[in-house]
Amino acid sequence: MRFLGISFLFYWLLTQSVLAKEPRLPAGLGNNSEPALPLGLTQKESQHRKGLDKEPVLPDGIFNSSEPAQSKKLEWNDSGTKSWADHLPFKLAGFWEARGGMRVTNDPHERQTSIAETRLQLRLNKTVQNATFNLITDLIYDKVTDNYPIHLNSGRGFIDLREANISFSPASFMDIKPGRQILTWGAGDLIFINDLFPKDFSAFFIGRDEVYVKAPSDAVKASLFSRWANLDIVYTPEFDADRFIDGRRKFVLFSRVGRSRGS
Amino acid sequence: MVKVIAEQLSADDIVHRANKVSYYEGQDGRVRSEMTITDDKGRVRHRQMIILRKDMSETDALENNAYRDEQKLYVYFIHPADVNKMGFLVWKKLTTDDERWLYLPALDLIKRIAATDKRTSFVGSDFYYEDISGRNVDEDHHELIETTDNYYIIKNTPKDPSSVEFSNYKMYVHKETYIPVQVEYYDKKGNQYRVAKTLKVDTIQGHPTVTKASMENLKTGGKTVMEYDEVKYDIGLTDDIFSERYLRNPPQQFLY
Numbered sequence: 003m004r005f006l007g008i009s010f011l012f013y014w015l016l017t018q019s020v021l022a023k024e025p026r027l028p029a030g031l032g033n034n035s036e037p038a039l040p041l042g043l044t045q046k047e048s049q050h051r052k053g054l055d056k057e058p059v060l061p062d063g064i065f066n067s068s069e070p071a072q073s074k075k076l077e078w079n080d081s082g083t084k085s086w087a088d089h090l091p092f093k094l095a096g097f098w099e100a101r102g103g104m105r106v107t108n109d110p111h112e113r114q115t116s117i118a119e120t121r122l123q124l125r126l127n128k129t130v131q132n133a134t135f136n137l138i139t140d141l142i143y144d145k146v147t148d149n150y151p152i153h154l155n156s157g158r159g160f161i162d163l164r165e166a167n168i169s170f171s172p173a174s175f176m177d178i179k180p181g182r183q184i185l186t187w188g189a190g191d192l193i194f195i196n197d198l199f200p201k202d203f204s205a206f207f208i209g210r211d212e213v214y215v216k217a218p219s220d221a222v223k224a225s226l227f228s229r230w231a232n233l234d235i236v237y238t239p240e241f242d243a244d245r246f247i248d249g250r251r252k253f254v255l256f257s258r259v260g261r262s263r264g265s
Numbered sequence: 008m009v010k011v012i013a014e015q016l017s018a019d020d021i022v023h024r025a026n027k028v029s030y031y032e033g034q035d036g037r038v039r040s041e042m043t044i045t046d047d048k049g050r051v052r053h054r055q056m057i058i059l060r061k062d063m064s065e066t067d068a069l070e071n072n073a074y075r076d077e078q079k080l081y082v083y084f085i086h087p088a089d090v091n092k093m094g095f096l097v098w099k100k101l102t103t104d105d106e107r108w109l110y111l112p113a114l115d116l117i118k119r120i121a122a123t124d125k126r127t128s129f130v131g132s133d134f135y136y137e138d139i140s141g142r143n144v145d146e147d148h149h150e151l152i153e154t155t156d157n158y159y160i161i162k163n164t165p166k167d168p169s170s171v172e173f174s175n176y177k178m179y180v181h182k183e184t185y186i187p188v189q190v191e192y193y194d195k196k197g198n199q200y201r202v203a204k205t206l207k208v209d210t211i212q213g214h215p216t217v218t219k220a221s222m223e224n225l226k227t228g229g230k231t232v233m234e235y236d237e238v239k240y241d242i243g244l245t246d247d248i249f250s251e252r253y254l255r256n257p258p259q260q261f262l263y
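Chains as they are written, first to last, in our numbering: chain A, 3 to 265; chain B, 8 to 263.
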């Protein structure tokens, strides 16, 4: 058992309602402020405005309340929203990014380029009855390390498998999630004081997106829910180490052996 | 007859009707929404999300403001990839600050949104968190400053001016439907700097519903248009969906 915790969701907040004197009437609140005509509203203005120029034009449909209108399907104008991906038997999402970094000073121990990588993240998602399958993987080409054999635990190589898990609810008060997953304990932004789950400090310091500060764990997570408290139990059969700075990208000093390493 | 009743309404009555029509129609609801965010240089970004809502009150009645009770909102992001599977949960309170959480799936992190952040940008748009979940009507003094053929014009002044960035805002509430068609925010110098507009209304299951709205920030030149699609009321959402559990494990049956 690597980790056991109870998360409570109790918050007390006080509101303070301080009565203050009313601010003076600002200029422009009187009678000369004329709201601009709303975008796309050219019809239905004449018979309802009756000479009142300063008030907004009634929007489309506000006088059709007697007719039962149906909410119509929007035409999604974003090319990424209605595409071939919607016809797949599973949900597919993802992104492609390129990232580069150069040092502005000369460092005898470090390379001039800190990062020169491109990655494609693919997310596959499928819900069958009560189980949801989830796969997130990154395909990476990185000129700095130039290292492509796959090593799933350290995330080195051209594949970084971020998530590969199933989640299901065997009882109304319980969720189970076995497989590779990102685990976090605590609510801090990037300050994980008591979070013992693996982190990727290398990603953090070379300037990858902040979501890469967490490294995946191979674990089983059971979550128990009740009215008073939630209980998360995580079992990690094999220790998952942090992805720490090791000299491949950043200069590091090994004080015990009195040696340093950089790239 | 309608006119006679209408003329007796106080500013508070109108504000409550506008509040109900904007945020409390039916017992629950689901909507698919597309945000188009345009900055001052004309660059466009999109956000696509599903919004689920459940009222704790079991009535829509206006008597004694019975419609108004605690409310829970769940926002699930679909598009683009950097917000995909992100969840946003709001527990709207009546007498204390609302509670808000954001779930970041890539970090498996539930982040609390501080009450003081309620008037900051919602996912990079020109809408504030508070515009999405609704501002508590008790936080402002309401004054009916004018009645026109189409509108009640309400001036709202914050009870605690230090808690907000505006000095007041003016609402044009449509007399028949009570939809706030335009809301203008004024800064401490009296300049209008932010304006919300209702661009389209549809009647869905008997409820007048805003299906297209915009928010413009006149200071930054940014503008966000929000379109609503697949609007459905009274779909039988259960209370447990609006919890930490379902933030981490989205309720698929209500999302797709």
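Derived from the structure by calculation, the hints contain no laboratory data.
You may find that some hints are simply not true.
Unchecked claim - Below, computed lysine-lysine pairings styled on DSS-like, alpha-carbon distance capped at 25 Å:
| # | chain 1 | residue 1 | chain 2 | residue 2 |
| --- | --- | --- | --- | --- |
| 1 | B | Lys239 | B | Lys48 |
| 2 | B | Lys195 | B | Lys230 |
| 3 | B | Lys92 | A | Lys201 |
| 4 | B | Lys195 | B | Lys27 |
| 5 | A | Lys201 | B | Lys230 |
| 6 | A | Lys93 | B | Lys100 |
| 7 | B | Lys230 | B | Lys207 |
| 8 | B | Lys195 | B | Lys239 |
| 9 | B | Lys196 | B | Lys239 |
| 10 | B | Lys207 | B | Lys166 |
| 11 | B | Lys118 | B | Lys92 |
| 12 | B | Lys92 | A | Lys93 |
| 13 | B | Lys207 | B | Lys27 |
| 14 | B | Lys226 | A | Lys128 |
As the list claims (entries may be wrong) - Distance windows between CB atoms, simulated:
| # | chain 1 | residue 1 | chain 2 | residue 2 | range |
| --- | --- | --- | --- | --- | --- |
| 15 | B | Asp124 | A | Asn196 | 48 to 56 Å |
| 16 | A | Leu124 | B | Ser64 | 54 to 62 Å |
| 17 | A | Thr147 | B | Asp145 | 56 to 64 Å |
| 18 | A | Thr147 | B | Ile242 | 31 to 39 Å |
| 19 | B | Lys239 | A | Asn196 | 18 to 26 Å |
| 20 | A | Gly209 | B | Asp124 | 54 to 62 Å |
| 21 | B | Tyr263 | A | Leu124 | 13 to 21 Å |
Unchecked claim - Rough simulated footprint, nothing fancy, chain B against chain A, three-plus residues with beta-carbon under 8 Å:
| # | region |
| --- | --- |
| 22 | 102–116 |
| 23 | 139–149 |
| 24 | 232–244 |
None of the values given here were measured: they were computed from a predicted structure.
Don't be surprised by glycine CBs; every beta carbon is placed ideally from N, CA and C.
Hint check results:
no.	hint	in the structure
1	B:Lys239 <-> B:Lys48	violated, 36 Å
2	B:Lys195 <-> B:Lys230	holds, 22 Å
3	B:Lys92 <-> A:Lys201	holds, 21 Å
4	B:Lys195 <-> B:Lys27	violated, 29 Å
5	A:Lys201 <-> B:Lys230	violated, 38 Å
6	A:Lys93 <-> B:Lys100	violated, 35 Å
7	B:Lys230 <-> B:Lys207	holds, 17 Å
8	B:Lys195 <-> B:Lys239	violated, 40 Å
9	B:Lys196 <-> B:Lys239	violated, 42 Å
10	B:Lys207 <-> B:Lys166	violated, 31 Å
11	B:Lys118 <-> B:Lys92	holds, 14 Å
12	B:Lys92 <-> A:Lys93	holds, 12 Å
13	B:Lys207 <-> B:Lys27	holds, 18 Å
14	B:Lys226 <-> A:Lys128	violated, 44 Å
15	B:Asp124 <-> A:Asn196: 48 to 56 Å	violated, 25 Å
16	A:Leu124 <-> B:Ser64: 54 to 62 Å	violated, 44 Å
17	A:Thr147 <-> B:Asp145: 56 to 64 Å	holds, 58 Å
18	A:Thr147 <-> B:Ile242: 31 to 39 Å	violated, 51 Å
19	B:Lys239 <-> A:Asn196: 18 to 26 Å	violated, 43 Å
20	A:Gly209 <-> B:Asp124: 54 to 62 Å	violated, 26 Å
21	B:Tyr263 <-> A:Leu124: 13 to 21 Å	holds, 20 Å
22	102–116	violated (count 0)
23	139–149	violated (count 0)
24	232–244	violated (count 1)
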